[in-house]
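With the hints as extra help, turn the sequences into a complete structure.
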Amino acid sequence: MMRELTQEQTEALAIAEKWEKRVSEEIAAATIEPYCPTEAERQEFAQAFERAHEAGEISDKDFARARIEGTLARWQLEAWEAAGKPEPVPDNITDGRPPIESVGVPVVDKALQYINMPAHVFLRNVAYLLNESDDALEIAERRAKDCDKAARLLKEAAALLREADNEPLARNVEALAPWAERGKYGRVYPAGLSGRHMHASQHGDALSAAFAGKRGTPSRKGAIVRALAGCFTVDGPFVEAGGFTIIARIANLCELGTTPNFVRSVMEQSKRTAEPKPEPRRDSSIIGLLSKPKI
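Position 156 of the sequence shown, counted from 1, bears residue number 156 in UniProt numbering, the numbering being contiguous throughout.
No lab work stands behind these hints: they were computed from the structure. A hint or two may mislead.
[Said to hold, decoys possible] Pairwise CB distance ranges, derived in the manner of DEER restraints: (1) Asp60 / Glu39: 46 to 56 Å; (2) Arg187 / Ala12: 28 to 38 Å; (3) Asn166 / Leu112: 25 to 35 Å; (4) His197 / Glu57: 16 to 26 Å; (5) Glu39 / Gln202: 30 to 40 Å; (6) Pro118 / Thr259: 39 to 49 Å; (7) Arg143 / Gln269: 17 to 27 Å; (8) Asn166 / Glu8: 54 to 64 Å; (9) Gly257 / Glu57: 16 to 26 Å.
[Claimed, not checked] Below are the SDA-like pairs computed for lysine to any residue, each with C-alpha atoms no more than 25 Å apart in a straight line: (10) Lys149 / Glu174; (11) Lys155 / Asn131; (12) Lys61 / Leu193; (13) Lys61 / Asn131; (14) Lys145 / Phe211; (15) Lys155 / Ala175; (16) Lys221 / Asp109; (17) Lys110 / Lys145; (18) Lys184 / Gly195; (19) Lys61 / Lys155; (20) Lys221 / Gly257; (21) Lys85 / Arg97; (22) Lys110 / Lys149; (23) Lys271 / Asn131; (24) Lys221 / Leu207.
The C-beta atom is built at its ideal place from N, Cα and C for all residues, glycine as well.
In structure tokens:
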């Protein structure tokens with residue numbers, strides 16, 4: 001049973017509610033609506049930006065990055081406006097939207113004709129590579145020892161827990177191991193555990209290191225080429241259309257000195273690495289029986 005308020009308490013509550021309403025109204029009145037430039041203003045800025053690029057005041061890398069990020073932002077804004085400006089913004093706000101067909105960077109626009117993924121996903125990949133630090137491979141290498149050790153220890157801990165008849169906890173601990181290993185590529189933000197899997201997001205700052213390759217001396221140039229090549233179906237038609245040149249020109253925005261011949265070399269090396277090794281064969285002759293298996 002609720003206790004009845006005294007007259008003094010009732011008056012105090014009324015005053016508090018009055019001030020709360022007044023403060024809310026003042027906050028609402030002071031809220032500044034986000035400024036959205038008009039189409040004419042967008043065009044004027046784009047033309048000025050392009051003139052600065054042509055004059056050499058803006059590098060090819062910065063120009064491409066700005067064009068790609070600007071196009072992505074506008075595409076998402078249009079999706080939000082078309083959906084009635086919902087708050088909070090749903091994750092699938094861009095589902096069903098017409099794909100991006102051009103960003104105003106010729107080589108990227110040409111690449112959009114041959115990609116094997118949605119245009120906005122490809123453009124985000126390219127934008128990331130354009131923003132990534134030049135020493136990404138060194139950053140990942142500095143973290144690798146600790147991250148790999150953490151992953152190994154987590155697997156060992158999971159094995160110990162299984163020996164101690166604690167399978168549920170072992171599964172959760174083991175779920176952390178892959179993400180601990182991925183920690184070398186950037187900060188991991190756990191979101192929850194589900195059996196053998198941990199749901200998480202990652203703010204990568206050295207993701208190209210995952211494509212550094214396992215043979216020879218790792219190079220960021222080769223890593224970028226491999227990362228970009230995965231966005232295309234590298235077959236006859238793509239090669240005939242100048243595919244190696246397309247990849248080289250985009251990669252050259254991220255890492256200078258990338259040539260079509262270098263791209264071809266990296267792709268051929270990756271293909272050889274991916275091919276399964278032949279099974280050992282033994283010669284049935286006497287010499288074959290006395291020798292090591294021929295590969």
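So, going through the hints one by one against the coordinates:
In this structure the supplied range 46 to 56 Å is violated for Asp60 paired with Glu39, their Cβ-Cβ distance being about 26 Å. Evaluation of the 28 to 38 Å hint for Arg187 and Ala12 yields a failure: the beta carbon distance comes to about 49 Å. At roughly 51 Å, the beta carbons of Asn166 and Leu112 sit outside the given window of 25 to 35 Å. At roughly 49 Å, the beta-carbon separation of His197 and Glu57 lies outside the given 16 to 26 Å, and the hint is violated.
Checking the proposed 30 to 40 Å range against Glu39 and Gln202 shows it holds: the Cβ atoms sit about 36 Å from each other. Our hint of 39 to 49 Å for Pro118 and Thr259 is violated, since their Cβ atoms are close to 29 Å apart. Taking 17 to 27 Å as the suggested C-beta distance range, the pair Arg143 and Gln269 conforms, at roughly 26 Å. Between Asn166 and Glu8, the C-beta spacing of about 60 Å keeps the proposed range 54 to 64 Å intact.
Distance hint check for Gly257 and Glu57: the Cβ-Cβ separation is about 23 Å, which falls inside the suggested range of 16 to 26 Å. Taking the CA atoms of Lys149 and Glu174, the gap is near 14 Å; set against the 25 Å cutoff, the hint holds. Restraint check: the Cα-Cα separation between Lys155 and Asn131 comes to about 34 Å, which exceeds 25 Å; the hinted pair is violated. With a C-alpha separation of about 40 Å, the suggested pairing of Lys61 with Leu193 is violated against the 25 Å cut-off.
With a CA separation close to 9 Å, the supplied pair Lys61 and Asn131 stays within the 25 Å bound. The suggested pairing of Lys145 with Phe211 holds, with an alpha-carbon distance near 18 Å, which does not exceed 25 Å. For the hint pairing Lys155 with Ala175, the CA-to-CA distance comes to about 9 Å; that is within 25 Å, so the pair holds. In summary, the hint linking Lys221 to Asp109 is supported, as the alpha carbons are separated by about 22 Å, within the 25 Å threshold.
A distance of roughly 40 Å separates the Cα atoms of Lys110 and Lys145; the hinted pair therefore is violated under the 25 Å criterion. Distance restraint check for Lys184 and Gly195: the Cα-Cα separation of roughly 24 Å lies within the 25 Å cut-off, and the hinted pair is therefore satisfied. With a CA separation close to 42 Å, the supplied pair Lys61 and Lys155 exceeds the 25 Å bound. A distance of roughly 8 Å separates the Cα atoms of Lys221 and Gly257; the hinted pair therefore holds under the 25 Å criterion.
Of the supplied pair hints, the one linking Lys85 and Arg97 holds, its CA atoms being roughly 15 Å apart against a limit of 25 Å. Note on Lys110 and Lys149: the hinted pairing is violated, with a Cα-Cα distance of about 43 Å set against a maximum of 25 Å. The suggested pairing of Lys271 with Asn131 is violated, with an alpha-carbon distance near 28 Å, which exceeds 25 Å. With a CA separation close to 13 Å, the supplied pair Lys221 and Leu207 stays within the 25 Å bound.
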